[in-house]
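Q: Protein chains in written order, with this note's numbering: chain A, 1 to 421; chain B, 1 to 421.
No lab work stands behind these hints, which were simulated from the structure alone.
Hints are supplied without guarantee of correctness; some may be wrong.
Given that identical chains are not distinguished, each listed pair holds provided it fits within a single copy or across any two copies.
In the EDC-like style, the derived pairs of lysine to aspartate or glutamate whose C-alpha atoms are separated by at most 20 Å in a straight line are [said to hold, decoys possible]:
1) Lys277 to Asp191
2) Lys101 to Asp51
3) Lys101 to Glu41
4) Lys72 to Glu373
5) Lys176 to Asp325
6) Lys95 to Glu81
7) Lys405 to Asp196
8) Lys176 to Asp396
9) Lys101 to Asp378
10) Lys101 to Glu82
11) Lys267 to Glu341
12) Lys405 to Asp184
13) Lys260 to Glu243
14) Lys176 to Glu399
15) Lys405 to Asp191
16) Lys376 to Glu341
17) Lys405 to Glu173
18) Lys101 to Asp184
19) Lys260 to Glu203
20) Lys260 to Asp191
21) Lys25 to Asp325
22) Lys106 to Glu82
Note that the structure is a prediction, hence the values are computed from the model and not measured.
Take a look at the letters that make up each chain.
Number of protein chains: 2
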Amino acid sequence: MTAALDSTTTRGTVDLGPAVELVSKEEGHRQPLAPEFVSAEDFSPLEVAYDFGRVRREDIQAGPRNIWRYKKLLPVPSNVEEIPNTEPGCTRLVKADRLAKALGVKSLWVKDDTGNPTHSFKDRVVAVALAAAREFGFDTLACPSTGNLANAVAAAAARAGWQSVVLIPSSLERAKVLTTAVYDGNLIAVDGNYDDVNRLATELAAEHENWAFVNVNVRPYYSEGSKTLAYEVAEQLGWRIPEQIVVPIASGSQLTKVDKGFREFAKLGLVDDTPYKVFGAQAAGCSPVSAAFRNGHDVVQPVKPDTIARSLAIGNPADGPYVLDTVRRTGGAIEDVTDAEVVEGIRLLARTEGIFTETAGGVTVATAKKLIEAGKIDPDAETVLLITGDGLKTLDAIENEVGPKATVPPSAAAVHEALGL
Amino acid sequence: MTAALDSTTTRGTVDLGPAVELVSKEEGHRQPLAPEFVSAEDFSPLEVAYDFGRVRREDIQAGPRNIWRYKKLLPVPSNVEEIPNTEPGCTRLVKADRLAKALGVKSLWVKDDTGNPTHSFKDRVVAVALAAAREFGFDTLACPSTGNLANAVAAAAARAGWQSVVLIPSSLERAKVLTTAVYDGNLIAVDGNYDDVNRLATELAAEHENWAFVNVNVRPYYSEGSKTLAYEVAEQLGWRIPEQIVVPIASGSQLTKVDKGFREFAKLGLVDDTPYKVFGAQAAGCSPVSAAFRNGHDVVQPVKPDTIARSLAIGNPADGPYVLDTVRRTGGAIEDVTDAEVVEGIRLLARTEGIFTETAGGVTVATAKKLIEAGKIDPDAETVLLITGDGLKTLDAIENEVGPKATVPPSAAAVHEALGL
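Just chain A, with the same shape it has in the complex (with noise of 0.2 Å):
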């Protein structure tokens, strides 16, 4: 492994299609594009900056069935599709009838990403950070993770031929570690928490020039991979944007690129612009943001996470002003629901629509059902529920839950006495 980077030559040649710079959140502050996070100037996190040109529905659907089709609207190179990575996106939106009818509302539809690559969105933004990490001269895909990130890292990283360094907390369980170290990349196990894992894989990006922490030093154009979610459900419904959208939140990263992915094809004229509402989904052991929103503060308190919805439990979210901000200018609304009604939106959301979702899923099904009844979402109107992970996960949610009617002995008698036939 060695060092490739050297800021003064590599800014001038990068090929990131659209992406021309990157601003500040806070202030603006415009800089060159490059491998960094926080602006040295308000200290507020970087975002990427397009400029587009005219983007046309035919130049879309001209293009490959996964989000390299959004090249265009994506800090990438525009030769994307012809290099080796994985091919995310274009995951299944449902007409989701009979969990609408549960529910009360009129039309419902689940975005299930579970048909990603390794199953969860992340394989999106995983996608996004390898190709501008190529450009930018990494050869090493890194992250801290607790489980789907540690699958679409280690996966990637295989489909492109790069090294991988993921880094766990010891404790995680068995499935998840042998989920990431098939891929046969450099899985390294932490005594430590998650927070500890975290601080060490910040430590080790400022380090190492060539490692490409997907969530640290790349994550500007990592966090651009959530806007394909967006992008895919306008499209898929003719484009059109829905009247309401329901995200989990846990850095809160997904929800206002989602937003931003709806605001871009409005304003490229992909879609009229028509108003929608973005809600927010916290599990309550989990729920800095949706307290934040209840009591109309405009920062979030972090808070030690205690929830089963693992993946969502992101105690100190560094996006969750900005999900209040969208949340806010929308007219939407945050909740959270407590780790019973998460498994039972898991139960919900398969046994009405043949879909098993991970906990976060959950936490966004039982989230919508607690706003419906509060009539926040309107029951007439439009929605999405963004299923944004796979239950085969998060085994453990359910483990004592379900099972079998009966255990019989082989005879047709004994089935029928078990299903009172």
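Chain A is already provided as a structure; the job is to place chain B on it using the hints.
A: Here is chain B on its own, set in the frame of chain A:
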């Protein structure tokens, strides 16, 4: 649950699209479309016969991004996409350059069917079975299963709002029980082995006129779903048939249907009628078809399975003789691999392409490797590997094989040491 079948009335009214009758595989006896699976004339399996009329590429391309785009080639109603069902298919065809290099071949593709709703190709066959069963007046979807099929049936029934009856051996691993039970159908654990469960299913199918056992009484329709694997591969290659394809063998149905799919596409003029070779893959611990092929036999001697590739562990494969016919006719071959080779196949695919397959996929990759090394697969001809299920469902296969490179304290120095930096 009420019986709704009346063969005299339903036969006249069923709309199964291009399907016109059932034909016995041995002697070609014809009979009307009905929920029957064995010919009363010659006791051979019944297969669907069609009158396709004209089918153009544009008809297919105008369809949805799932198997219903091929509805004019399947035994399903003309309006199938409007009826609640899962929407499997249109999974990724991945250009596998790194795996190709590792195996020493020029051009290799992986059909990654882990992207289906319940992450195996079984969603394809179950969706077709459900669509046909509805036309015949059934209202309950059922199966005996040890895994993937149970997931697919329970999920599809949930989505359709049907009852389901899924029979599993009571010894089944907890994970597979959970991933079926979550859909909240009638999951019944049976004290007995898979053979006992299978016998029980046949008995129950005869007793319950409204229970569609997907792989028993509606098997002729069910099995046609596997043709869509061939259709998709051909369409995704730019409307052409690959020169070589490697298919895992359980009952053997999938392999024969992939061949049927290619032949139909060629006959309809959707692709050029170019020659292709079909290769079969088995685990050494359950290799009755491979053994028959090696010994030049036309019949398959049943075996007692003993392999980690449990989704392929059918000791008496119903379509074994037809597999032999297909492979010999096309000039292919059949091989089998040890459980150790299966695990290495899983790991090879994961580390080269970032795709984590179940044991059946490991069988396919390892068998391809063996056939290439033996010179039976031409390294200069284009090859497609069918990866039909997901590694998340068979974690036990790699449990003792992979893990973190090291467990370290939370310090950069410790990470460096672990990585030899």
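Q: If a hint holds in the structure, say so; if it doesn't, say that too.
A: So, going through the hints one by one against the coordinates:
1. With identical chains, the CA atoms of Lys277 and Asp191 are never at most 20 Å apart, being 42 Å at best within one copy and 52 Å at best between copies.
2. Taking CA atoms no more than 20 Å apart as the test, Lys101 paired with Asp51 passes in neither setting, with 43 Å inside one copy and 39 Å between copies.
3. In this homomeric assembly, Lys101 and Glu41 never come within 20 Å of each other (Cα to Cα): the closest approach is 51 Å inside a single copy and 48 Å across copies.
4. Neither within a single protomer nor between protomers do Lys72 and Glu373 lie at most 20 Å apart by alpha-carbon distance, with minima of 40 Å and 43 Å respectively.
5. Proximity of Lys176 to Asp325 under the C-alpha cut-off of 20 Å is found in neither arrangement, the shortest distances being 34 Å within a copy and 43 Å between copies.
6. Proximity of Lys95 to Glu81 under the C-alpha cut-off of 20 Å is restricted to the inter-copy arrangement: shortest distance 12 Å between copies versus 30 Å within a copy.
7. In this homomeric assembly, Lys405 and Asp196 come within 20 Å of each other (Cα to Cα) only across copies, at 19 Å, whereas the closest approach inside a single copy is 43 Å.
8. When the C-alpha separation of Lys176 and Asp396 is checked against a cutoff of 20 Å, the pair qualifies both within a copy, at 12 Å, and between copies, at 13 Å.
9. For the identical chains of this complex, Lys101 and Asp378 are intra-copy neighbours only, at 14 Å inside a copy versus 55 Å across copies, given an alpha-carbon limit of 20 Å.
10. For the homomeric pair Lys101 and Glu82, the shortest alpha-carbon distance between copies (17 Å) is at most 20 Å, but the shortest distance inside one copy (44 Å) is not.
11. For a Cα distance limit of 20 Å, the shortest separation of Lys267 from Glu341 qualifies neither inside one copy, at 38 Å, nor across copies, at 54 Å.
12. When the C-alpha separation of Lys405 and Asp184 is checked against a cutoff of 20 Å, the pair qualifies only between copies, where the shortest distance is 9 Å, while the shortest distance within a copy is 40 Å.
13. In the homo-oligomer, the alpha carbons of Lys260 and Glu243 lie at most 20 Å apart inside one protomer (15 Å), although the nearest pairing across protomers, at 45 Å, exceeds that limit.
14. Proximity of Lys176 and Glu399 under a CA criterion of 20 Å is satisfied in both settings, with 16 Å inside one chain copy and 11 Å between copies.
15. Taking the closest pair of Cα atoms, Lys405 and Asp191 come within 20 Å of each other only across two copies (14 Å); inside a single copy the shortest separation is 41 Å, beyond that limit.
16. In this assembly of identical chains, the alpha carbons of Lys376 and Glu341 lie at most 20 Å apart only when taken from the same copy (18 Å versus 56 Å across copies).
17. Taking CA atoms no more than 20 Å apart as the test, Lys405 paired with Glu173 passes between copies only; the shortest distance there is 16 Å, against 28 Å inside one copy.
18. Taking CA atoms no more than 20 Å apart as the test, Lys101 paired with Asp184 passes between copies only; the shortest distance there is 17 Å, against 45 Å inside one copy.
19. For the identical chains of this complex, Lys260 and Glu203 are neighbours neither inside a copy (31 Å) nor across copies (57 Å), given an alpha-carbon limit of 20 Å.
20. Taking the shortest alpha-carbon separations for Lys260 and Asp191, neither the intra-copy value of 38 Å nor the inter-copy value of 55 Å comes in at or below 20 Å.
21. Within a single copy, Lys25 and Asp325 get their C-alpha atoms as close as 12 Å, which meets the 20 Å cut-off; across copies the closest is 66 Å, which misses it.
22. Taking CA atoms no more than 20 Å apart as the test, Lys106 paired with Glu82 passes between copies only; the shortest distance there is 17 Å, against 42 Å inside one copy.
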